[in-house]
Amino acid sequence: MLDVKNLQVRVEDKEILRGINLTVRAGEVHAIMGPNGSGKSTFARALAGHPGYQVTGGSATYQGQDLLDMGPHARARECVFMAFQYSVEIPGVNNAYFLKAALNAKRKQQGLDELDAMDFMALVKQKLKILHVDESMLMRSVNEGFSGGEKKRNEIFHMAVLEPTLAVLDETDSGLDIDALRVVADGVNAMRSPERAFIVVTHYQRLLEYIVPDFVHVLADGRIVRSGGRELALELEEKGYAWTEPAGTGARR
Amino acid sequence: MSPVAERHDSYVAEYGRFASGRGATAPAWVKQRREQAHSQFATAGFPTTRQEDWRFTNITPIAESEFALAAGVFAPASALVAGVTVPGAVRLVIVNGEFAAGLSDLSSLPKGLRIASLSDGARDATDGLETHLAKAFSLATHPFAALNTAFLDDGVAIMVTAGAVVETPVHIVIVTGGDGKAVVAHPRLLIIAGANSQARIAQTFIGAPGAVYFNNAVAEVVVGEGANIELYTDQRESDQAFHIANIQAVVAAKGVFASHAFSTGSRIMRHDIGIALRGEGADCTMNGVYLADGERLMDTHTSLDHAMPHCTSHEIYKGILAGKAKAVFNGRIIVQLDAQKTDAKQTNRALLLSDDAMINSNPQLEIFADDVKCTHGAAVGQLDEEAMFYLQARGLTRAAARDMLLHAFAGEVIAGLKIPALREQIEANFFAALARDLAPRPGSGQERR
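For the protein sequence lines, the chains are A and B, in the order given. The numbering used here puts the first residue of the first sequence at 1, with every later residue one more than the last. The numbering used here puts the first residue of the second sequence at 1001, with every later residue one more than the last.
This is chain A alone, in the form it adopts within the complex (with noise of 0.2 angstroms):
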């Protein structure tokens, strides 16, 4: 589903990764690992297209398609999905007909019918359901005066509603305690399929244990450092970080 080789990302001046390499498959859960500052959160947003991160090498495919080549709306139509760690505060714009102008921007990309207000609102109540989210939050502006919880909760609902292909979590995880992570994750579980990825963009291995991922990627400056399976985040919660630096220079070439 999607391939990224050699990805080289600049933010203004400064090099934040320096070459990742990392297939992903429909079906699979791919947990990213690192330290603040290893390029986790770059890496995220360089895949949902921020005009901020400056791609300087290597390519990302998805579905056979140039990624790097679409603007950040035609990902998302295309059916990637980015979670924000902060998502944006934006007053006077009503998160129900944003997310409604979202969805039919993809509907119709997609060539489906656009969904009218009533079908919208059905399917959207479904979802807010399963996410435990109070109705109330979709006449909310978006996210305005949301707290950290609710901000996250909002990503995920947007994530259920827009049900994309591969989805991108950024840090979902920081802020939120064990209730709200539960959610989180429960609502995440609950879109696992075999048609769909995902990549888990976190700082701690406590995510991981309500998401089990399929793979586990330690980055480090930059770089993918380490590979494994889920025994690779419980070997870095109990050694920490630190662990991954010495063999941190080319170990994956």
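Just so you know, these hints were derived from the structure itself, not from any lab. Treat the numbers as computed from the prediction; the structure is a model and nothing was measured. Hints are supplied without guarantee of correctness; some may be wrong.
Some but not every residue of chain A turned toward chain B, in silico, with C-beta under 10 angstroms [claimed, not checked]:
1. Gly-58
2. Ala-76
3. Tyr-86
4. Ala-102
Derived, one-sided and incomplete: chain B residues facing chain A with beta-carbon distance under 7 angstroms [what the hints assert, rightly or not]:
5. Gln-1040
6. Ala-1387
7. Tyr-1390
8. Arg-1394
To list a few chain A residues with every Cβ distance to chain B over 12 angstroms, as calculated [claimed, not checked]:
9. Gly-64
10. Gln-126
11. Phe-215
Think of the CB as a built atom: it goes at the ideal place given N, C-alpha and C, for glycine as much as any other residue.
Guided by the hints, dock chain B onto chain A, whose structure is given.
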């Protein structure tokens, strides 16, 4: 002599013809007020950028043009009026400064509302016109209002009877143009709201698309004790027109006045909106949103006079500027010595959508009382790129994301419009103007990546 002064001479000459011609039949008190206003204008002339209030607004294009004094209904007027009809409202049409009974619709005129054309009403002393007409502003500080007053002839007076709660909105359509000839009109509106009365009044300024004319309007509003008056102004003049408008309101104790202005038209716009809170416990709102592209100029000068204690004021002005458009916002708030417990809040925000667009924003607080709450804030910026990315990352194109943010930005002000049919109309016009102004013009380079 500069060309500016010469043109000013042409208005003086026109005044002579007007006073002895079509203006000759007015009552003595009207003639006297005209004469005063005229001598003020003749002495001072058009304002120049050397004057503080006009520092950023060069009106030379107005002063240098030859505009004939408009008269009578011109051909496209009825079609223009039909395009802005608000169902269910009392419709009053002013064409080239004159009340046009034939285009007006008074069939739903409710109880408690009296309407007179100024030229008729001024002859009848009972309506209080003599007491209030040309009294709400100083001729010396409002040169264009003085010019309007010099040519005071007709217009509309609306009297709301004391205690009357008028549900039916009143919509005044002010049409200006001269069938290809560049004309000047001086439309005039006077609203007198009796004690504890309530009414909603809207004025739409319109002209033929692309037409060149100069519209110099004045509205005076007298809000009686405990009365509640909302005045909506939809400025959608031709984008080649010059639009100068004064709205001056005087509010008595416990009176409430709200002015909401929505501006999308004209090449040069200048709004002078002044509200004087002259009785305890009065409250006012002064909101506006404007939009300009090309090389157009939108100038709003607001002035709030807190003269008495325990009054509140709320002001939000927002602008969206594209191309090489320029805006001026000057928000003056005077809190006089006696006006203790004043609560005044002013916000001015502008979005600049191109590198060449600009705004001069100036809050001007003059506070002489010591127990008051006055806040002001000005923010000028570009579209929030993080918000743009967020919306795009969910599937919206850059243009759709930008429109959504701009609608949200303007929507806060438009939502304050309490006449649903008019709100829909103004919203549609505003967003159509947005689409027009943001369409990249050849070679303008206004679309930013």
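Item to check | In rising order, the numbers of the hints this structure does not comply with | outcome: 1, 5
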